[in-house]
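As given, the protein sequences belong to chains A, B, C and D, one line each in that order. If you're matching positions, the first sequence starts at 130 in this note's numbering and goes up one per residue. If you're matching positions, the second sequence starts at 130 in this note's numbering and goes up one per residue. If you're matching positions, the third sequence starts at 130 in this note's numbering and goes up one per residue. If you're matching positions, the fourth sequence starts at 130 in this note's numbering and goes up one per residue.
One should not assume that every hint holds.
Below, in silico cross-link-like pairs of lysine-lysine (DSSO-like), each with a Cα-Cα straight-line distance of 27 Å or less [what the hints assert, rightly or not]:
(1) D:K366 to C:K366
(2) A:K206 to C:K182
(3) A:K224 to A:K452
(4) C:K206 to C:K182
(5) D:K206 to B:K206
(6) B:K182 to D:K206
(7) D:K182 to B:K206
(8) D:K296 to C:K296
(9) C:K206 to A:K206
(10) A:K224 to A:K206
(11) B:K296 to A:K296
(12) B:K442 to B:K452
(13) A:K182 to C:K206
(14) B:K452 to B:K224
(15) B:K366 to A:K366
Just a few of them, taken from the derived set where beta-carbon distance is under 7 Å, the chain A residues facing chain D [to be verified]:
(16) E148
(17) G198
(18) S199
(19) V357
(20) H358
Honestly, the hints are just simulated from the structure, not real lab data. Think of the CB as a built atom: it goes at the ideal place given N, C-alpha and C, for glycine as much as any other residue.
There are 4 protein chains.
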Amino acid sequence: MRIVTAGESHGKCLVGIIEGFPAHVPLDREQINYDLWRRQQGYGRGPRMAIEKDEIIILGGVRGGLTLGSPIAFQIKNRDYENWQGYLDPWGPIKSGREVEQPRPGHADLAGAVKYGFRDIRNVIERSSARETAVRVAVGSIAGQLLALFQIRAVSHVVSIGQVQLKERVSDFSALETADESVVRCVDPIVTEEMVQEIRRAEREGDSLGGIFEIRITGVPIGLGSYVHWDRKLDGKLAQALMSIQGIKGVEIGDGFQSAKNRGSQTHDPIFFSQEQGYYRLTNHCGGIEGGVSNGEDIVIRCAMKPIPTLTKPLETVNIRTKEPALAGVERSDTCAVP
Amino acid sequence: MRIVTAGESHGKCLVGIIEGFPAHVPLDREQINYDLWRRQQGYGRGPRMAIEKDEIIILGGVRGGLTLGSPIAFQIKNRDYENWQGYLDPWGPIKSGREVEQPRPGHADLAGAVKYGFRDIRNVIERSSARETAVRVAVGSIAGQLLALFQIRAVSHVVSIGQVQLKERVSDFSALETADESVVRCVDPIVTEEMVQEIRRAEREGDSLGGIFEIRITGVPIGLGSYVHWDRKLDGKLAQALMSIQGIKGVEIGDGFQSAKNRGSQTHDPIFFSQEQGYYRLTNHCGGIEGGVSNGEDIVIRCAMKPIPTLTKPLETVNIRTKEPALAGVERSDTCAVP
Amino acid sequence: MRIVTAGESHGKCLVGIIEGFPAHVPLDREQINYDLWRRQQGYGRGPRMAIEKDEIIILGGVRGGLTLGSPIAFQIKNRDYENWQGYLDPWGPIKSGREVEQPRPGHADLAGAVKYGFRDIRNVIERSSARETAVRVAVGSIAGQLLALFQIRAVSHVVSIGQVQLKERVSDFSALETADESVVRCVDPIVTEEMVQEIRRAEREGDSLGGIFEIRITGVPIGLGSYVHWDRKLDGKLAQALMSIQGIKGVEIGDGFQSAKNRGSQTHDPIFFSQEQGYYRLTNHCGGIEGGVSNGEDIVIRCAMKPIPTLTKPLETVNIRTKEPALAGVERSDTCAVP
Amino acid sequence: MRIVTAGESHGKCLVGIIEGFPAHVPLDREQINYDLWRRQQGYGRGPRMAIEKDEIIILGGVRGGLTLGSPIAFQIKNRDYENWQGYLDPWGPIKSGREVEQPRPGHADLAGAVKYGFRDIRNVIERSSARETAVRVAVGSIAGQLLALFQIRAVSHVVSIGQVQLKERVSDFSALETADESVVRCVDPIVTEEMVQEIRRAEREGDSLGGIFEIRITGVPIGLGSYVHWDRKLDGKLAQALMSIQGIKGVEIGDGFQSAKNRGSQTHDPIFFSQEQGYYRLTNHCGGIEGGVSNGEDIVIRCAMKPIPTLTKPLETVNIRTKEPALAGVERSDTCAVP
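Produce the entire structure from the sequences given, and follow the hints as far as they go.
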């Protein structure tokens with residue numbers, strides 16, 4: 130299955146093509162739009178989120194709510210495009226006077242401008258923006274509807290924001306599904322309140338915060354991925370997919386970094402068998418993946434997202450034209466798909 | 130560039146092909162063999178390490194010490210093969226009586242046997258074994274010799290073993306290169322001694338330990354990887370390559386999981402410019418990658434390795450033939466490429 | 130560079146994404162639209178061609194007429210969609226009573242219906258239709274504008290239609306560029322007239338014709354493609370790209386099938402050198418590719434297109450629901466990109 | 130499934146890795162060696178063929194005659210290596226005085242030397258040599274043993290050599306299997322004799338000949354390949370695989386180039402159905418592939434091979450060092466896998 134995405138943050142639209150998706154899979158448009166809406170929520174979201182109300186428009190590969198086996202193509206319109214057309218029109222002319230020349234630390238701005246030799250960093254910003262994750266959310270929603278046919282379901286929730294963190298690991302899938310009721314997607318109402326305070330504190334100081342979220346996938350059969358070749362290992366593939374999300378700086382599976390501190394006897398999950406359950410475990414330190422293959426337990430992954438680079442106290446930078454010191458622009462980056 | 134590997138742990142040999150490698154690159158055989166030897170070192174290595182003394186044998190793609198642009202093929206012989214031939218001969222017959230039926234928790238054993246329907250878990254063990262990393266070390270050594278032509282160099286060192294950890298981040302490249310002098314590859318002699326004690330303690334208790342290692346790559350130009358597509362991002366590619374190594378459960382870049390706890394003002398690296406240095410930073414919280422693109426600073430990555438699953442106190446498991454409870458076999462897994 | 134296409138023949142639109150295209154390439158919209166228009170010409174085109182007037186709409190990757198290095202996404206609207214919406218709406222409901230149940234010989238109809246288990250062959254027709262080549266023409270036009278920066282240009286012309294064929298090989302590039310002036314894209318006005326007669330004759334008899342076209346690419350440097358690996362060979366890649374076009378049943382390079390009849394001394398092109406020209410040849414039997422690598426001469430390829438399967442005398446087939454004999458439907462397939 | 134090959138023509142060995150091959154497939158070593166032996170036969174083969182007696186040596190992925198699901202790695206030794214070691218040793222030193230400086234027309238020699246900047250064309254010859262097809266034959270034999278489990282079998286035979294050709298299309302699979310009894314692999318004994326005379330005639334005149342061979346694959350189910358995306362079409366994939374074989378200049382499926390001359394009513398294969406046979410055809414003009422998908426009939430492909438470029442009357446060329454006119458070297462190229 131190939132996933133190819135395109136589109137600029139303030140261009141006409143975002144586009145995605147899923148090639149290799151099976152035929153006969155029923156898709157629920159409301160579910161996809163709900164997932165897109167969910168991406169746009171989150172405590173303290175910026176003004177861009179108020180402008181965009183993302184909706185999937187299928188361009189190919191789906192007929193009467195069923196996939197055709199043909200490539201699934203879709204677009205998500207950028208409502209903000211009308212304000213930007215003069216600056217981003219594919220065929221031009223491009224109005225001058227609004228070039229971005231001050232790369233924001235923490236973004237691809239400088240590296241992108243140097244790599245491609247751009248004088249207007251807007252060319253980088255438009256594609257490196259976290260708004261691109263809207264396409265990935267739509268792809269994920271469609272893929273999730275395929276997996277749901279096999280009773281494989283995923284949930285995600287926020288484990289920490291700044292210094293505030295959930296005290297205990299919650300492994301009950303239904304409990305985790307309640308996370309959406311929290312403004313910060315934390316399953317614990319008290320910790321939710323602390324997180325909100327933590328965010329307010331940072332805001333007052335013109336600063337920003339990151340956090341850690343956890344993904345739990347249940348219903349996974351034994352045997353997804355394979356140990357036979359390095360690039361077939363399920364943990365490696367998930368690590369790439371997640372680390373490539375804007376703002377992610379760390380990925381761990383199961384006990385992750387903690388397992389490097391624990392003893393072997395605390396880390397490996399003894400194997401049991403019963404007629405009713407087949408093979409099963411009483412623990413899940415390995416996060417559902419052993420040797421690069423799913424072992425039938427829930428897959429559990431945590432990702433660390435760094436604080437949003439846009440601060441009200443702007444960071445020091447350099448003008449790429451004049452090479453003079455400057456303050457990073459206040460381009461409000463669209464924050465990432467906090468799950 | 131394509132990297133394809135093959136070979137069983139106790140089969141005739143391991144094999145690798147690097148397709149797409151440029152022509153005219155001088156390769157140093159001693160460097161590759163040194164890197165293979167280095168993989169086999171480490172405090173408390175098992176008896177297998179004493180048997181194997183890995184050496185690269187080039188089968189194609191190199192002539193007179195120069196690459197030809199043709200695919201580079203090589204093998205690394207398994208000296209232990211002569212003891213295993215009757216059990217692993219490609220054409221058989223296979224001696225019976227030594228089938229592995231007790232999957233080891235923490236390995237691909239159970240998932241692999243279920244996925245492929247094997248009755249002898251040896252079929253899984255032989256390929257999922259960490260001995261496969263010998264091929265990756267050879268590939269890495271060859272790739273490193275290409276990168277060295279561009280003054281890009283990598284070093285790795287051990288940051289923690291069990292509960293013992295290096296107190297401070299060491300960012301001086303030359304200092305890190307001294308890590309090989311330590312039996313546990315830690316740059317601090319006092320911490321080295323503590324790590325050795327930690328290992329002895331675990332051993333006495335029939336237990337095992339994992340640890341965290343750090344990779345630092347210096348001389349990286351601005352612009353490797355790209356933000357334009359999710360699967361071109363350098364951080365994602367590195368995460369896959371590292372997470373797919375046997376025993377790795379976590380990967381973080383720069384401040385990684387810590388950056389999820391810090392403020393934005395502590396996390397993003399202000400940009401400066403001087404005629405001599407070009408663009409530069411005074412900090413490197415992002416670990417040399419912003420927006421999926423190298424930013425010219427050192428790339429810094431940490432990986433968490435779980436404890437080796439082979440314990441003298443064996444773990445509970447199940448016989449896959451009888452489905453009766455059992456104790457995990459004492460197959461000594463070849464431990465992974467601790468850097 | 131990755132080329133991914135999507136879209137149904139009578140759906141909302143066709144979509145393409147070109148991922149990996151370089152930045153800073155100037156694109157000419159008129160050229161792309163001209164190439165799309167050219168695809169729709171040809172003597173004896175069906176009514177569908179009158180409905181559609183294809184135009185590229187860039188969705189991403191281009192700004193002010195310059196590529197951004199970001200994926201180039203585009204769509205081509207199907208004007209006919211409004212007549213089909215009730216039958217092809219992504220979300221439905223789908224009107225019944227117009228299911229296609231009679232697979233047309235010569236199309237993917239039967240194989241597609243069996244492969245995917247469709248009861249309505251429309252699901253196959255919509256994607257297997259030669260209208261998909263509109264996306265490839267747009268991709269080709271964009272790629273051609275990149276190649277033109279390096280003075281690499283391609284032309285194509287019709288060599289034969291049915292039994293009528295051009296008597297002599299024309300190798301002058303400028304002469305070939307005049308082919309567009311012929312209604313059947315043949316460089317010779319007399320042969321053009323004979324071809325038109327040949328088509329009329331077949332039409333009168335309710336039959337259809339195929340033909341052979343030739344592509345000539347000039348300005349090609351020595352060294353495109355490589356002999357080092359089977360899937361890097363330029364001839365193999367071109368053969369796949371061309372054979373995958375709807376209706377193509379044969380591909381040959383240079384003297385092609387004739388070279389299997391000729392002697393070696395008539396087939397290989399002696400090598401010469403002069404200060405002005407560098408290496409050059411006086412003959413080009415090999416069609417510009419030796420050992421899978423371009424040799425600096427014009428690349429010359431011929432492709433055989435079978436007659437359009439839609440005849441006024443319909444072909445025998447079987448109803449896939451009733452399994453009763455039937456006559457193939459008169460669905461007018463959009464004919465392929467005759468060059 | 131990935132197929133990666135490596136190895137030089139007179140180097141230590143040829144190497145292949147098949148990654149993604151299923152587990153539990155029984156492999157027959159004698160069949161593979163027979164297929165390798167068969168590659169080396171053929172009327173008028175050169176002296177190299179007498180030196181090499183190819184045999185497969187499995188390096189990984191097979192145990193007791195069964196595949197493991199792990200990558201299958203193998204080597205084929207070059208017996209001639211001992212005579213070449215001083216010139217081709219991976220680590221050198223390389224004896225001087227035997228550099229190849231006169232590129233042979235019809236080979237990758239000149240293009241390869243220019244592309245990679247080699248002064249010794251031996252670096253090109255060693256990899257571009259048709260001896261590389263030995264690896265492909267082994268891969269094909271292994272793949273064929275998998276397909277045989279599904280009753281899919283392939284045969285090939287020679288249709289023409291030079292001007293002499295088989296008069297009629299032979300479509301009986303068993304009859305085609307007798308082709309191996311002919312010294313030139315032609316099913317007709319009289320035509321065989323004419324072909325031998327044709328070869329002798331060319332030899333006497335210091336010239337060489339090419340020919341056309343046909344591949345027939347029987348037992349193919351409906352539905353291999355797909356019309357949904359250009360690079361999933363079975364005809365395109367086969368065309369690439371075949372055109373990338375050394376010496377092949379044309380590929381056609383079914384009636385191929387002839388279908389461009391015939392009428393539609395002669396070209397498309399009407400569809401019938403019976404309870405016993407399911408869907409079937411009485412004709413097979415399309416060669417078993419419609420719309421890029423197998424249609425259940427035999428797949429029939431013809432390939433044109435140009436004459437071997439090595440002539441006793443040497444061709445004109447240029448010395449790449451001196452740029453003086455020269456005669457092409459008499460390096461006997463290993464002729465290709467005539468089927």
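So, going through the hints one by one against the coordinates:
Among the hinted pairs, D:K366 with C:K366 is consistent with the structure: their alpha-carbon atoms are about 9 Å apart, no more than 27 Å. At roughly 24 Å between alpha-carbon atoms, A:K206 and C:K182 fall within 27 Å of each other, so this suggested pair holds. Taking the CA atoms of A:K224 and A:K452, the gap is about 23 Å. The hint holds against a cut of 27 Å. For the hint pairing C:K206 with C:K182, the CA-to-CA distance comes to about 9 Å; that is within 27 Å, so the pair holds.
For a cut-off of 27 Å, the pair hint linking D:K206 to B:K206 stands: about 16 Å separates their Cα positions. Proximity of B:K182 to D:K206 is assessed by CA-CA distance (about 24 Å); at most 27 Å being required, the pair is judged to hold. With a C-alpha separation of about 24 Å, the suggested pair D:K182 and B:K206 falls inside the 27 Å cut-off, and the hint holds. Our distance criterion of 27 Å between C-alpha atoms is met by D:K296 and C:K296, whose separation comes to about 25 Å.
A distance of roughly 16 Å separates the Cα atoms of C:K206 and A:K206; the hinted pair therefore holds under the 27 Å criterion. For a cut-off of 27 Å, the pair hint linking A:K224 to A:K206 stands: about 22 Å separates their Cα positions. Taking the CA atoms of B:K296 and A:K296, the gap is near 25 Å; set against the 27 Å cutoff, the hint holds. About 21 Å separates the Cα atoms of B:K442 and B:K452, which keeps this hinted pair within 27 Å; it holds.
For the hint pairing A:K182 with C:K206, the CA-to-CA distance comes to about 24 Å; that is within 27 Å, so the pair holds. Note on B:K452 and B:K224: the hinted pairing holds, with a Cα-Cα distance of about 23 Å set against a maximum of 27 Å. A C-alpha spacing of about 9 Å is found between B:K366 and A:K366, which places the hinted pair at or below 27 Å, so the restraint holds. Below 7 Å, beta-carbon pairs count as interface contacts, and A:E148 has one with chain D at about 6 Å; its hint therefore holds.
At its closest, the beta carbon of A:G198 sits 6 Å from a beta carbon of chain D; the interface hint therefore holds under the 7 Å criterion. This hint holds: A:S199 has a C-beta 5 Å from the nearest C-beta of chain D, less than the 7 Å allowed. Given the 7 Å rule on beta carbons, the hint for A:V357 holds: about 5 Å separates it from the nearest Cβ of chain D. Against a cut-off of 7 Å between C-beta atoms, the interface hint on A:H358 holds, since the closest Cβ of chain D lies about 6 Å away.
In summary, the structure agrees with every hint in the numbered list given earlier.
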